[in-house]
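K.L.:
Listed here are the chains, written in short residue letters.
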Amino acid sequence: MSDDAVNPEEVRHVAALARIDLEDAEVDRFTDQFADILEYFETLDSVPEVERDVELANVMRPDEEHDCLDSEDALRNAPESEDGYFKGPNVS
Amino acid sequence: MSENIFITEAEIAGDAEGPLAGKTVAVKDNISTDGVRTTCGSRMLEEYVPPYDATVVSRLKDAGATIVGKANMDEFGMGTTTETSYFGATDNPAAPGHVPGGSSGGSAAAVAAGEADLALGSDTGGSVRCPAAFCGVVGIKPTYGLVSRYGLVAYANSLEQIGPFAPTVEEAAELLDVIAGSDERDATTRTEGDDSNYAAAADGDVDGLSIGVPTELLEGADEGVVETFWDAIARLEDQGATTHEVSLPSVEHAVEAYYVIAMSEASSNLARFDGVRYGHSGGYDGNWNEAFGRAREEGFGDEVKRRILLGTYALSAGYHDKYYKKAQDARAWVKQDFDEALSEADVLASPTMPVPPFELGESLDDPLQMYLADANTVPVNLADLPAISVPAGEADGLPVGLQLVGPAFGEERLIRAGSALA
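Chains A and B are the protein sequences, given in the same order. First residue of the first sequence? That's 1 in the numbering used here, and the numbers climb one at a time after it. First residue of the second sequence? That's 1001 in the numbering used here, and the numbers climb one at a time after it.
Just so you know, the hints here were simulated from the structure itself, not pulled from any lab data. These numbers were taken from a predicted model, which means no experiment stands behind them. A couple of the hints might just be wrong.
What the hints assert, rightly or not - List of simulated lysine to any residue pairs, SDA-like, C-alpha gap at most 25 Å:
| # | chain 1 | residue 1 | chain 2 | residue 2 |
| --- | --- | --- | --- | --- |
| 1 | B | K1322 | A | L69 |
| 2 | B | K1335 | B | G1088 |
| 3 | B | K1335 | B | A1154 |
| 4 | B | K1322 | A | H13 |
| 5 | B | K1325 | A | Y40 |
| 6 | A | K87 | B | R1272 |
| 7 | B | K1335 | A | N58 |
| 8 | A | K87 | B | E1192 |
| 9 | A | K87 | B | G1145 |
| 10 | A | K87 | B | R1277 |
| 11 | B | K1335 | B | H1320 |
| 12 | B | K1322 | A | E10 |
| 13 | A | K87 | A | L69 |
| 14 | B | K1325 | A | D36 |
| 15 | B | K1325 | B | L1372 |
| 16 | A | K87 | B | G1035 |
| 17 | B | K1335 | B | E1170 |
| 18 | B | K1322 | A | N58 |
With the rest of the complex left out, here is chain A (with noise of 0.2 Å):
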C-alpha cells in the first residue's frame, strides 16, 4: 500500500468532480481496486523524462458554411425539448 492510499472520502470527491453518484457499497468496493490500480501506475514513477517528437500541425480549412445536422433531427434523442430547444435541469 503506498503513502497516499485512496479512501472512501476521495473516492466520494473523484465522483462528485465526475457527476456520477455512488452507493456507499460502491464507494467500498472502488477504494479498494483503486488502491490496487493506483499502486500499480505509480511504476510510472521510474519512466525516464523522454523528448517528445513535436510533429503534430493543425489541419485548416476555410471557413466556409456547410450542411448540418437541421434541429428536428439533432433533438430527436432528447428526453424532453420545447419550442425547439433542448430542455434541461435547473441550473442551481
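With chain A's structure known, arrange chain B on it following the hints.
P.N.:
Frame of chain A, contents of chain B only:
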C-alpha cells in the same frame, strides 16, 4: 443464435455494385448507423438512434456491403472480454464457454460463427486484435490516422482506430481498402490510404522478411501460447523469413501508461453523457448536478464508472504530473523503442494475447488482472502503429493469435507477411 453476437439485428442494404457487393458485414455498436440504434453496449445509450452515418458506414454502403447487425461489445469499449456489456456476455463460437475477447467481441464472433462475412471493430488498446485472436479470425489495427473516426463514439480518441475482421488476411485487406483514406470530417486522417490496394499485397511472400521478436512480449506468457507462437514462426521461417530477438525495455510500463491515458481521455469524452441531449435521463427534480449524477449512476456500468473516476483522479489537481505527464513520457519512450526495433527488422512478432481465452465469468472480479492481459497489444496503440492478428493455431484446443507490428502506414507489409499464415 445462442451466442448473443448482435445487440441489434438489422438489414442495411448498400449499393448494388462495388467491391463488397454481396458481402455481409457486422458493425460494432459504437459506430454510428443512421436510423439504427447504436448503444455502445451501454444502458446509457439503450435507445439512442444516430441521425447520421459514420464515415466507415457510408463507405461500406458505397462499396455494396449489406450491414446485418450491430455487434455486442464491452460497454463503451472498456473491457477485454465483452462481458461488461449491458446486454450480456457473448459466447465464443470458436471456443464455447469462453469469452470472445474484447472489446469488439461481437464483431469477431460474428465472423467466427459465419453470421457475417466481415466485421468492423474499434481498437483502442487491442480491442480488434484480442477478439480476433480469441475467436480464431484475422483482425487489423490500422496506423493512427489511416481510417476516419467520424461517427465512432469516442472512448480514448488519441489511441483508437476502426479496423476490419475477416476469416482471411486477404478479405480483411479488402475491407481495409474500402474504409481507409482521408476524410474531411476527421482532421486526424491522413492521405496514405487514399489509393490503397492492400488486398493485392496478400500474396504470402515472406521470402527474405526479417522478423524481430521482442523478448519482453514473451515473458510471462502462457506456455501453450508461446509454443503455438514459435510453431507459427517456424512456418514463416520455412517460407524464407528470418527471425532475431529485439528488446523493447519501455513496454514494461506500457500497460500503466495506456490505462492512465485512456482513462483520462475517457473521463473527458464521456462527460457529454448527461441525459439532456441524448441518453439515459436522470429526470428533472433537483438541480443539474444532482440530475446528471443520477443519470450517470444509472446509465453507466461498473467498469465505465471505474475508468471515468480513475481518469478524473489522474487529471485532478496535484496528480496530473504524477500520472498523466509520466504516462505521456512513457508513450514517447514506447514510440522510440518501436522505431529502433523496426530499424533492425521489417516486422515485429509476438503472441497477440499472452493467455488463451478466459472462461466466461472468470476474470470480472479483478480489474487489474484484466488490464494486465493487454500487455502485448497496448504498446502498439501508444506508438500509433499498425498491427495485425492472424490465427497461429491452438493451445489445448483454444485459439491463439500471432501479432505482427509494422512501421507507420506499413499495412501492406503486415498484410503480405500475415497472408503467409492465413
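K.L.:
Now tell me, hint by hint, if it's right for this structure.
P.N.:
Results of checking the hints against the structure:
| no. | hint | verdict |
| --- | --- | --- |
| 1 | K1322(B) <-> L69(A) | violated (41 Å) |
| 2 | K1335(B) <-> G1088(B) | violated (36 Å) |
| 3 | K1335(B) <-> A1154(B) | holds (23 Å) |
| 4 | K1322(B) <-> H13(A) | holds (19 Å) |
| 5 | K1325(B) <-> Y40(A) | holds (16 Å) |
| 6 | K87(A) <-> R1272(B) | holds (15 Å) |
| 7 | K1335(B) <-> N58(A) | holds (21 Å) |
| 8 | K87(A) <-> E1192(B) | violated (44 Å) |
| 9 | K87(A) <-> G1145(B) | violated (36 Å) |
| 10 | K87(A) <-> R1277(B) | holds (8 Å) |
| 11 | K1335(B) <-> H1320(B) | holds (22 Å) |
| 12 | K1322(B) <-> E10(A) | holds (17 Å) |
| 13 | K87(A) <-> L69(A) | holds (18 Å) |
| 14 | K1325(B) <-> D36(A) | holds (20 Å) |
| 15 | K1325(B) <-> L1372(B) | holds (21 Å) |
| 16 | K87(A) <-> G1035(B) | holds (23 Å) |
| 17 | K1335(B) <-> E1170(B) | violated (28 Å) |
| 18 | K1322(B) <-> N58(A) | violated (28 Å) |
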